[in-house]
Structures are given as C-alpha cells and as structure tokens.
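Peer 1: Given next are the chains, with one letter for each unit.
There are 2 protein chains.
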Amino acid sequence: MKRILIAQTPEHIGETVEVEGWIQTVRKHGKIAFFDMYDKTGLLQVVVVTPERLQECQALEQRTAVKVVGLVKKRGEKYVNPNIVTGTIELEATEKIEIIASSQILPFDMGGKDLNLELPTLLDYRPLTLKHEKVRDIFVIQAALAKEFRKAAEELGCTEIFVPTIAAGATEGGAEVFKIEYFNHEAFLTQSPQLYKQVMVGVFERVYTIAKAYRSEPSVTTRHLTEATQMDIEIGFIEKFEDLLDALEYVGTSMIKRVTDAHEHILKEFTVEKPLIPTKIPRLTLREAQEIITKRTGKDLSNEPDLNPEDEKEICFWAKETQNSDFVTITHFPTKKRAFYTMPDPQNPEYSLSYDLLFRGIEILSGSQRVHNYEQLVDAMKKKNVNPESFAMYLMAFKYGMPPEGGFSFGLERLTMKVLELANIREASLFPRDMERIDERLSTLSHADKKNS
Amino acid sequence: MKRILIAQTPEHIGETVEVEGWIQTVRKHGKIAFFDMYDKTGLLQVVVVTPERLQECQALEQRTAVKVVGLVKKRGEKYVNPNIVTGTIELEATEKIEIIASSQILPFDMGGKDLNLELPTLLDYRPLTLKHEKVRDIFVIQAALAKEFRKAAEELGCTEIFVPTIAAGATEGGAEVFKIEYFNHEAFLTQSPQLYKQVMVGVFERVYTIAKAYRSEPSVTTRHLTEATQMDIEIGFIEKFEDLLDALEYVGTSMIKRVTDAHEHILKEFTVEKPLIPTKIPRLTLREAQEIITKRTGKDLSNEPDLNPEDEKEICFWAKETQNSDFVTITHFPTKKRAFYTMPDPQNPEYSLSYDLLFRGIEILSGSQRVHNYEQLVDAMKKKNVNPESFAMYLMAFKYGMPPEGGFSFGLERLTMKVLELANIREASLFPRDMERIDERLSTLSHADKKNS
Numbered sequence: 004m005k006r007i008l009i010a011q012t013p014e015h016i017g018e019t020v021e022v023e024g025w026i027q028t029v030r031k032h033g034k035i036a037f038f039d040m041y042d043k044t045g046l047l048q049v050v051v052v053t054p055e056r057l058q059e060c061q062a063l064e065q066r067t068a069v070k071v072v073g074l075v076k077k078r079g080e081k082y083v084n085p086n087i088v089t090g091t092i093e094l095e096a097t098e099k100i101e102i103i104a105s106s107q108i109l110p111f112d113m114g115g116k117d118l119n120l121e122l123p124t125l126l127d128y129r130p131l132t133l134k135h136e137k138v139r140d141i142f143v144i145q146a147a148l149a150k151e152f153r154k155a156a157e158e159l160g161c162t163e164i165f166v167p168t169i170a171a172g173a174t175e176g177g178a179e180v181f182k183i184e185y186f187n188h189e190a191f192l193t194q195s196p197q198l199y200k201q202v203m204v205g206v207f208e209r210v211y212t213i214a215k216a217y218r219s220e221p222s223v224t225t226r227h228l229t230e231a232t233q234m235d236i237e238i239g240f241i242e243k244f245e246d247l248l249d250a251l252e253y254v255g256t257s258m259i260k261r262v263t264d265a266h267e268h269i270l271k272e273f274t275v276e277k278p279l280i281p282t283k284i285p286r287l288t289l290r291e292a293q294e295i296i297t298k299r300t301g302k303d304l305s306n307e308p309d310l311n312p313e314d315e316k317e318i319c320f321w322a323k324e325t326q327n328s329d330f331v332t333i334t335h336f337p338t339k340k341r342a343f344y345t346m347p348d349p350q351n352p353e354y355s356l357s358y359d360l361l362f363r364g365i366e367i368l369s370g371s372q373r374v375h376n377y378e379q380l381v382d383a384m385k386k387k388n389v390n391p392e393s394f395a396m397y398l399m400a401f402k403y404g405m406p407p408e409g410g411f412s413f414g415l416e417r418l419t420m421k422v423l424e425l426a427n428i429r430e431a432s433l434f435p436r437d438m439e440r441i442d443e444r445l446s447t448l449s450h451a452d453k454k455n456s
Numbered sequence: 004m005k006r007i008l009i010a011q012t013p014e015h016i017g018e019t020v021e022v023e024g025w026i027q028t029v030r031k032h033g034k035i036a037f038f039d040m041y042d043k044t045g046l047l048q049v050v051v052v053t054p055e056r057l058q059e060c061q062a063l064e065q066r067t068a069v070k071v072v073g074l075v076k077k078r079g080e081k082y083v084n085p086n087i088v089t090g091t092i093e094l095e096a097t098e099k100i101e102i103i104a105s106s107q108i109l110p111f112d113m114g115g116k117d118l119n120l121e122l123p124t125l126l127d128y129r130p131l132t133l134k135h136e137k138v139r140d141i142f143v144i145q146a147a148l149a150k151e152f153r154k155a156a157e158e159l160g161c162t163e164i165f166v167p168t169i170a171a172g173a174t175e176g177g178a179e180v181f182k183i184e185y186f187n188h189e190a191f192l193t194q195s196p197q198l199y200k201q202v203m204v205g206v207f208e209r210v211y212t213i214a215k216a217y218r219s220e221p222s223v224t225t226r227h228l229t230e231a232t233q234m235d236i237e238i239g240f241i242e243k244f245e246d247l248l249d250a251l252e253y254v255g256t257s258m259i260k261r262v263t264d265a266h267e268h269i270l271k272e273f274t275v276e277k278p279l280i281p282t283k284i285p286r287l288t289l290r291e292a293q294e295i296i297t298k299r300t301g302k303d304l305s306n307e308p309d310l311n312p313e314d315e316k317e318i319c320f321w322a323k324e325t326q327n328s329d330f331v332t333i334t335h336f337p338t339k340k341r342a343f344y345t346m347p348d349p350q351n352p353e354y355s356l357s358y359d360l361l362f363r364g365i366e367i368l369s370g371s372q373r374v375h376n377y378e379q380l381v382d383a384m385k386k387k388n389v390n391p392e393s394f395a396m397y398l399m400a401f402k403y404g405m406p407p408e409g410g411f412s413f414g415l416e417r418l419t420m421k422v423l424e425l426a427n428i429r430e431a432s433l434f435p436r437d438m439e440r441i442d443e444r445l446s447t448l449s450h451a452d453k454k455n456s
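These protein sequence lines map, in sequence, to chains A and P. Just so you know, we're using our numbering here: the first sequence kicks off at 4 and counts up by one. Just so you know, we're using our numbering here: the second sequence kicks off at 4 and counts up by one.
Mixed in with the good hints, there may be bad ones.
One copy or two, it doesn't matter: identical chains are merged, so the pair holds either way.
Result set (SDA-like, lysine to any residue): computed pairs, CA atoms no more than 20 Å apart in a straight line [stated by the list, open to error]: (1) Lys243 - Leu287; (2) Lys150 - Gly160; (3) Lys182 - Ile169; (4) Lys271 - Asn84.
Because the hints were derived from the structure by calculation, they are not lab data. Please read these numbers as outputs of a predicted model, since none were measured by experiment.
Given these sequences and hints, build the entire structure.
Peer 2: Listed below in structure tokens is the structure:
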C-alpha cells in the first residue's frame, strides 16, 4: 500500500488508505481512543475502536512517528472542524497502527497553539521546538520569501550568481570580520556579496544572489545575527537613480504581498495584519524624514547622520497614518556614513545616492547607486582609508566599461521577523548564531576550546 | 527614449530605437564604420555613415559601454546572419553614439570564439575574462542547473531551508576543516549542510538547500575547490532504500535534461553532445561495478573500498557502450569508508546503503540512507571515534521520532564542469578558491599576512 498525504484523505472517503506522520496528542477512553497525527500537509483525527488497534495505541507518545492504515469516514455535520484541512473526515484505524520511530518523553508541553518558552529554551531544544506548528510556519514564510525574491529578481531580468564567502580582504574595511586560518594565510568571511555582485554587472548586466553575510559584532541585539542570509540584487545600465528606487520597491512590495496573500492563515496564527501597500511607496530624503519626525516628536535630529531605531519606528508611524503605507523609502544618507562604493549625489556630494527601505518600523533593505568610474572609485577608497591594493580584482571590473549601476539587499531573517512581527531575529533563523551561541550556548560547551585571549 | 534589449530590435524594423551594451569589435573604413555591440540578450551590428557619428566612433574601444540611438533596417537577403539573434537586421546609428563608460586597452585579445588563455591568466583577470561569451555561458548553464535543481526538489515536495555554515564541531570529523576565530571560541566552517538537513527532516519531512561546503584540502586537483556550492536534498518517511535511488535519479537526470534541452546552442559552442538518458538508469553495487571493470581491464579491484577516478571513467564507458547511458548509479560502498550517519545494509552490514551517481566518468552526487535510530546513531559515532557530545543538538533530533530517511547532494561546480566537459573545476566557479588562490594568487598577495607556521 502506498502512503498518501494527510491533506489528500478527504478525497478518499469510504476507502482504506495509508498515512504516515507524527502523533500530536492521544486521548484514551477505555474502549475507544482518539489521536491527532500530522504530516507536512496537515492534521488528521484518528479513531481507534478494535481491541487489537487499542493495544497498538498503548505505546503512542507525542511525536512518535507512525504509519496508520484505515478507513476514511465522513464526519457527522456537527463534528465538522473547519479549522483543519481534514475537518470533514476522520480516519478509523482499522488495519494497522505501526510505530515507525519512537519518541522520548518531551521536556515540555508541545500541545498548545503557542509554544510558551523563553528564547534560550526555544533555542536550546531547537530540533524539537522547530516541530511545533507555529514555529515551523515561520520557516514556511521564510522559504516563500526566498522563492518570491528569486521570482521578482528574474522578472527584473537578473541572472543568478554564486559568489564566494572566503575573501582575502575585508569587504568594506572595518574590524567586525571573522578571521579564518587559510592554509598559511589569513583570510576573512565576507560581510556581504557586495563586491562580487558588482563585478558581475560587467558580465550579466543584472544579477541576483542569496548568500551568507558574516558580521563579528561583539554585541547582542534583537535584530542582528553573526551569520545572516542576504538576498542581493545588482542592476547595470541604469538611466537614473530613481530606476533603482523603482526596482527595490517593486521587489520589496511584490515579494511581501505575494507571500502574505498566499499564507493568510499563518498571518492569522500570528495575529498579524496583511501589509498596507499603496500604489506609490512614500519616498523621503533622510533630511525630510528627520524634519517630519521633529515636527511629530519635537526631537532635534538636524545633526544626526542616520535614523536610529526609534526614528525608524516614528517615520513608519507617519507613513502608515498619513500615506496608508507599511513601507517608506529613505534616500540620501550622508556620504561619509556609507561605504566607499556609494555614489555621492552630484547635486550635493555631502549626501549620497543611497537608500533604505523601512517596513513596519525597521530597515529591511539597504543599498545605493555605486561609483562606477574607475578613478573616482580609487579616490573614494583612499578617502575612506581603504587600501586599493587589497581590492585589485574588484577594481579590475571598473577598468573595462562598467556602466552606471546600483543595487540593494534584504536580510532574509530580518524580513521574516518583520512579516510575522516576531520579537527577536533569532526566532526567524533555524539555527541562529550570535556571540553567545552556536547551536549550544558557548559558555557551556565542553568541546569548544576556549582561548586565552 | 527608453532602452530596448538587443534581442528585441528585429521587432522594430523601420523605427528609431535606443540600445545599450558593450563594444565587441570596431571596423573603420574611411567614410563608413561598423561595430558589433552586445548586451545580455545578444549581438547587434551597427553601421555608421554620417560624419558626426563617425566622429563619435573614434573613441570606441573593445568593451566600451555605449548607448546608441538609431534606425533599425532590414538586411538584404545575402547579408542575413543566421548565427545571431539580430541576423536579419542592422542598426544605423543615425541619432547618437554615446560612451557610457570607457574601457582600458585589453591585456589580451577577447575577440575570438575561444579565449585561448592558460588557466592562471584566465583567473588572474577574472572580471574581464568572465565577459567573454563562451566563459559567460558557463555561468548561464550554472544558473540554469540551480534553478532546475530547485524545481525538481519542489516537485518531490521538499521545502527550502537555510542552514548555518559556522559550526562548533567539524561536520564529519576529520582534519580538513577551516578554523574560525569566533569571539573567544574556536569554530569551524561546515563541510556540508548534512547534519542540519537531517535535523530538518523531523520538521518538514522533505527539505532542500543550496549551501556552501568548505574543505581545507591541502592538495590541488582538477576537481576540488576549498569553497564549493552544494545542492542538497533530504527525504523522510521512505519505505525502502530504492525510494532514495528513484529520487536521486529523478533529480539528477531531469535537471540535466532540462538544462541541456534549453541551452543546445551553448552545448554546441562547447562541442558537447546532449546526454544519453535511458528510461532506467543502470544501478550496480560497488562490487558488481568492480567485477565489470575487472572483466574489461583485467585490473584486480577485489580489495578496493571505492572507485578511483580511472574506475569511474571505465564504468561510465561500460554504461554508455552497453546501456546507452551517460549515468550510472553505484550503491553499497563499504560501511567503514562512509561517514557515521550512513546506514549499514541490514543484509550485510559490512556494506552500506550508500550511493554515488556517476555522469560521464565522474561522481556528481553522493549520499545514503541514514541511521535514524538514536541509540544506533550514538553507537555508530563511537565506532568512528566521533564524540557524541560534540553533536548534542544534531542527536536531539533523533530522540523525538525521526522516520527512516536519506538524502544526497550535488556539487554545483562539478556538475557545471561535466555538463560542458570543462577540463578543470575552476572554470566552473566564478571566483574559485583553492589552496593557492583567493582571487589573486596567494603567493603574490602583498596584503595577506603570511603566518610563520
């Protein structure tokens, strides 16, 4: 007999079928027992009445993996459960209940709609807690976001590229890089696929990549990971700065719209509203945004080179209240606060042709038009105390006809966090890394050699 | 005026259009000039006759980025070139030839159909050599392989996952791991996404990921990289070992078939035949394969625990000659030669439920059914001198109902190499890393701090 998926069972009323999955709950009442089992497609109620099957039921525990062969029966009207995909039927385990793999006693209750655990426990037991439906659904959203990102990138005409994470120089200078022992050399983990995607504009014009980004940040926040997943796009032959804004707003809003439309039930589970996406996303320069915030809050921001987290929240409140938008694009950050490859605004070089996309109070995307002229780029590096010799291969791309170009990148975990309004980015990473944890807490790892430093 | 892509120009005969791209070649003959320009969609011949435009032509060099506005004209019958997408038309540069970005003089000729460079030069000038059509096309194939891999994985019902590359323990033991300084701890780059994808079978049943795999192999071969891209699938609730063979052969052959069908012109460019894919891929145990090789060559392989590169070639010759297949699946490698998580064959535990998929003389895929019982897995680790304490989180997944499962992985660069029959895997990596190179040759890097070791 061949397994069918649980979501397919309502199509087989009156037939004997085989299903497999895990036990969610068991309720035994003497001569009758019920259990809920699930596979990746949904939940199924199984009823057990024969003595043989009741006997087999005894060993079932939560999360036992089972195979059940039985008869699909229509439920009476008043027993229909509209909340589950199999709510119109139940399975009577007539033929077989077979334990495929047993489960140890769970260290905490996994039965409720919510998994009420403190974050450290949620992460300490990651292989188990990921099995909880609501935790699992976070990563259903994550997979959907990645898929829709790729789709939008291909709609823009981008080619997918695979770029390295081991580099000889730190991507953007700075100290927050992880060092690797690379044979007899020192190497680094890339802070982003930035430089390589720029090089590839000279080859494919438009490219995208989903890549790892590593930041050795010696701080613990709710929105940073040491290893994150970045979704990057870079576009060449642009006519003007606004082409980039159009592209990033297209990718950002269409990705989020498609994912939230397709997974309304998950949004409901997290009591999150569908995002407000107006036809035209509000665009503000940093200074315009700061003036709005000043008007609303009285805070003087005229000397601030960036928006801090409270400012990001405030300008998003403004966008929602006055523009009916959960998104707002902020442009023209000070040139001195952005990386060397950022194009200064020719109108006012103190500010740059850079942007962030904010979504519900947090930056989910960052990027800029780039300096594409070789000599200008070398100058920009020197001004930022970046040694051009360390970036010889990157610079080579600009010697042979690099057109005007720019790009942007989303953090996949941060995006997942915001779409579901999670409190901490660690909830949006299957196996989050931070300065205190690599799966297990580093402080308690017996096998991680602590260094005397 | 809005840019159109070069491939669209034949739809605009008689109209004035704007195109952008790079100069391939320029031919000036006094009062008339021609140049070929290309964008990512193809090549276009531009003709220049007016004095103003001829003047603008003077500064054009190979790989200059240009914008041209002119009239699309039908070519006379005898000038039609069936080899290019715009072969029925040419563009007369009536309005404008504008240099978008200039190009320095090329260090070598890029005009020919082949780029006849030694491998070190090909890699030393990577941002430039990648612009050559035939080099670029390697990565068109690579992007297509990744896309078709994901498509096939989703057809199998797999969910995409994103797993970490920084780990506290070496994935499979062994010394060939890169060490990272992780705050005050020692950490490693993962040798594969193996352990995490197995954990995720307990969550999503079937998963896939495209991830980096790092191997600190102190040797230089034509088929290994220190940083490679791995395409991984893991499948739970299998009924039998053969389910895995069916799955891997489905993914392997459908991916390669779809890519080679869609890109016949690139195969032609590389003078590579389309692969032979019979309805049923030949399956041999290692011992059966060795016996066939012994019959064909006389070599005694009865004590060999694996196929060496010559053996792989020989058994592929056999598959092609006798089974009309460019693929052959080899199963049942010795248990002692495979990683701890490999399931021994219950019929004969000296051999394991493992497999390789060979394609045209080389292994492109490896995998196995896994040990899914917790106690058996801990025992298997101990037998291989792997410390279970170092894999506490991995092991946790097996405590709570892990069903029978297995999986496999393809190396994306190696697959690309074989589909186009490239001589060296470095040609199939945009920016290959090996023990001698991180973009630039490590021996000549002035800024990589050499360690006294």
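Peer 1: Now tell me if each hint is right for this structure.
Peer 2: Here is what the structure says about each hint:
In the homo-oligomer, the alpha carbons of Lys243 and Leu287 lie at most 20 Å apart inside one protomer (17 Å), although the nearest pairing across protomers, at 59 Å, exceeds that limit. Taking identical chains as interchangeable, the C-alpha atoms of Lys150 and Gly160 lie at most 20 Å apart whether they share a chain (15 Å) or sit on different chains (14 Å). In this assembly of identical chains, the alpha carbons of Lys182 and Ile169 lie at most 20 Å apart whether taken from the same copy (10 Å) or from different copies (12 Å). In this assembly of identical chains, the alpha carbons of Lys271 and Asn84 lie at most 20 Å apart only when taken from the same copy (17 Å versus 59 Å across copies).
The structure fails none of the hints (numbered hints given earlier).
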